[in-house]
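Going down the list, the sequences are from chains A and B.
Numbered per the numbering used here, the first sequence spans residues 1 to 318.
Numbered per the numbering used here, the second sequence spans residues 319 to 569.
Some clues are possibly wrong.
Stated by the list, open to error - Below, a list of computed lysine to aspartate or glutamate pairs in the DMTMM-like style, where the Cα atoms sit at most 25 Å apart:
1) B/K436 to A/D183
2) B/K503 to B/E445
3) A/K293 to B/E421
No lab work stands behind these hints: they were computed from the structure.
Keep in mind the model is a prediction, meaning the values are calculated, not measured.
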Amino acid sequence: MRRRARSLALGAASLALLLAAPSFLERGTLNDIWNVAFAVILASAWNLLGGFAGQISIGYSAFIGIGAYTTALLALKGVNPYATLPLAALLGAAFSFVVGLPTFRLRGPYFTIATIGVSEAVRVVATGVAFTGGSSGLRMPAGSFDFTRNYASMVILAVAVVSLSAWVKNSPFGRALAAIRQDIDAAESLGVHSARYKLLAHALSAAIVAVAGSLFAINFQYISPGSVFDFRLSLSIVLMPIVGGLGTVGGPVLGALLFGYLQIKLLSSPALRDSYLFIYGGMLIAVMLFEPKGLLGLFHRLRRAAGRAVSRPVPDAG
Amino acid sequence: MPAEGAAPILEVRGLQKRYEGLLALAGIDFDVSRGEIFGVIGPNGAGKTTLFSCLVGAVRPTTGTIRFRGERIERLPGYAVVARGLVRTHQIVRPFREMTVEENVSIGAHFGSGRRRKEDADKRVGEILEKTSLSLRAGALAGTLTIGELKRLEIARALATEPEVLCLDEVMGGLNPSEIAEAMKLIRSIRDSGVTVLMIEHHVHAVTGVSDRILVLNFGQKIAEGTPSEVVKDPEVVSAYLGTEPVESNL
Numbered sequence: 001m002r003r004r005a006r007s008l009a010l011g012a013a014s015l016a017l018l019l020a021a022p023s024f025l026e027r028g029t030l031n032d033i034w035n036v037a038f039a040v041i042l043a044s045a046w047n048l049l050g051g052f053a054g055q056i057s058i059g060y061s062a063f064i065g066i067g068a069y070t071t072a073l074l075a076l077k078g079v080n081p082y083a084t085l086p087l088a089a090l091l092g093a094a095f096s097f098v099v100g101l102p103t104f105r106l107r108g109p110y111f112t113i114a115t116i117g118v119s120e121a122v123r124v125v126a127t128g129v130a131f132t133g134g135s136s137g138l139r140m141p142a143g144s145f146d147f148t149r150n151y152a153s154m155v156i157l158a159v160a161v162v163s164l165s166a167w168v169k170n171s172p173f174g175r176a177l178a179a180i181r182q183d184i185d186a187a188e189s190l191g192v193h194s195a196r197y198k199l200l201a202h203a204l205s206a207a208i209v210a211v212a213g214s215l216f217a218i219n220f221q222y223i224s225p226g227s228v229f230d231f232r233l234s235l236s237i238v239l240m241p242i243v244g245g246l247g248t249v250g251g252p253v254l255g256a257l258l259f260g261y262l263q264i265k266l267l268s269s270p271a272l273r274d275s276y277l278f279i280y281g282g283m284l285i286a287v288m289l290f291e292p293k294g295l296l297g298l299f300h301r302l303r304r305a306a307g308r309a310v311s312r313p314v315p316d317a318g
Numbered sequence: 319m320p321a322e323g324a325a326p327i328l329e330v331r332g333l334q335k336r337y338e339g340l341l342a343l344a345g346i347d348f349d350v351s352r353g354e355i356f357g358v359i360g361p362n363g364a365g366k367t368t369l370f371s372c373l374v375g376a377v378r379p380t381t382g383t384i385r386f387r388g389e390r391i392e393r394l395p396g397y398a399v400v401a402r403g404l405v406r407t408h409q410i411v412r413p414f415r416e417m418t419v420e421e422n423v424s425i426g427a428h429f430g431s432g433r434r435r436k437e438d439a440d441k442r443v444g445e446i447l448e449k450t451s452l453s454l455r456a457g458a459l460a461g462t463l464t465i466g467e468l469k470r471l472e473i474a475r476a477l478a479t480e481p482e483v484l485c486l487d488e489v490m491g492g493l494n495p496s497e498i499a500e501a502m503k504l505i506r507s508i509r510d511s512g513v514t515v516l517m518i519e520h521h522v523h524a525v526t527g528v529s530d531r532i533l534v535l536n537f538g539q540k541i542a543e544g545t546p547s548e549v550v551k552d553p554e555v556v557s558a559y560l561g562t563e564p565v566e567s568n569l
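If we strip away everything but chain A, and leave its shape as in the complex, we get (with noise of 0.2 Å):
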C-alpha cells in the first residue's frame, strides 16, 4: 500500500513538473523532452504485450501508422486532429487482431513471424495506394499545429501508459500474462484462457502506440510510409525495452531514456548520424551476453552488492 502511495505521488509530480516545463524551459530542450515521451510511450506500451506476456512483435510501426494517417486523413476532410484520437485508437485494436487471431492458438515463433510479414505489407499498401498519397505522404491542414497543446498530450499519455503498466502488472491480468510468459501449457491448465489474454494484451497496447502515432503526425505535420511505417522504427520499439528491462514497469522508461537521448546526441552529430543502429545492435547484444534482465536488472544487481558490502559483518576478532 505504502508503496502504491509512493509510486502515485511519484506519476503525479512528474507530470506536474512536465506539464510545467514549458514556462521555464526552451524549446529545444521540450523537443527533447517530446521525444523521450514518445519512446517511454512505444517501449511501455510494446512491454504490455513483449515483455508481460512474452509475445514478440517486430511490427509495431504498423499500428504508429494507422494512428498516424487516421488522424492525418481526417483532418483533410476537416475534423480536429485531437477529436480523432479515439478512432486512432480503435483502429489500431482492430488491426491488432489481424495478427494475433490467426497466430496466438499456435505455440512456436509464428506470432513473432505473421508481425514483420504484416507490418511490412502495411508498408507497401499505404505507399501503393492513392487515398494515403502514395509515398509522397500526407501534409496535415495548415493551422492545425499547436506544439503546447501536442507536448502536454504527449506526457500526459507517456504517464498514463506508465501508469496503467504498473496496474497491470500487479493485477490478475497481469498475472496471467506473466503465466502465460513463464509457462502457457501450465498457464492453460489452471484456466488461464491464453489466447484471449495475449489479444487483450495486443489490442491495448496497439491502441496506444495508435495514439502515440496521430500526436507523432500532428507534432510533425507531414507523414509519409517512409517516416511512420519504418521497419527501424518497429525495431528501436524492441530494442527499448530489451535494454532497459524486459517485463518490467521501469524497464522500458529506462531504455527509452537512453534511446531517446543518444537518437538525439546521434542525429545531431553528421559523424554519428547513420551509425545509430550499429550501437543499438552492440548494445543489444552486451545485454544479452551480461545482464538478460536489462539496465533495471543491472541497477538491483549493484544495489545488492553495495547493500551486502555495508552489512557484511566485521570479521571475528576471536
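Starting from the structure of chain A, add chain B where the hints point.
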C-alpha cells in the same frame, strides 16, 4: 464411499488416443463416483498420464467420450475444462518459477472454475497455502523450492481453481516416507472437503492405502478395476505390474 445409485461424476467410454503408430490408450471405459479417491496404476508407458491429459483437455482423444457431470468434455480446450471444475497436476512439476508461491496459487484462484472478486481469491489463496503447508514459503520464488514443496505447490495451484474433480499425477514421486505420509493425509482431507480425487501413483502402498477403487492400465488397456484388495490379488495385475512376489513383501 459414493451413495448407491448416484450418477457418476466422470464417465469415460471407449477412450482411445493414437500417436502415429503408437496406441497410447486402446479404448478405455470406467466411471468415477462423486467423493471417491480413484487410483490409477500401471507400469511406465501404460498410458496413465495420457489418460489424465485427455480428461483435462490438454490432449484431444482420437475417439471415445468423456462425460463430466453428464456433459461431453472431450473436445473442450483445457481452460474450459478447468472452468467446469476438472483440473490436474503435472507429474513433472511446472511452477511459474519467476513468481512467488503465493502468486502461483493466485493464478488458480483467479482463473479457475469461479469468477470471483480479488478479496475472495486472496482469502482462498491463504487458506490453501495453510492446508498445503506452504504458508511459510508464501513469499519465496517458486524456483527456490525443494521437490517436496514443488509437489505441494502443484496441488495448491490446482486446488485454488476450486475443482470438483482433482487429478493428481504422481504427487508422491521423489518424496521421503514422512512426506508421503503427509501427502496421504492431505489427499484424504481434500476428499473430505468434497473434492473427488483421481490419482496416478507408482508408490503402491500409498495408492492402495488411500484409494477406494483402483484402475490398472497396461499397454493402454484396462487390465483390472476394483477395490485395492481385489486389484492386488488379480493375477494379471500381479504379473504385469507387481511382479510375481506377493505385494506386501515386494514393496
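Taking the hints in turn, this is what the structure says about them:
no., hint, result
1, B/K436 to A/D183, "holds (23 Å)"
2, B/K503 to B/E445, "holds (17 Å)"
3, A/K293 to B/E421, "holds (20 Å)"
Of the hints listed earlier, there is not a single one the structure fails to meet.
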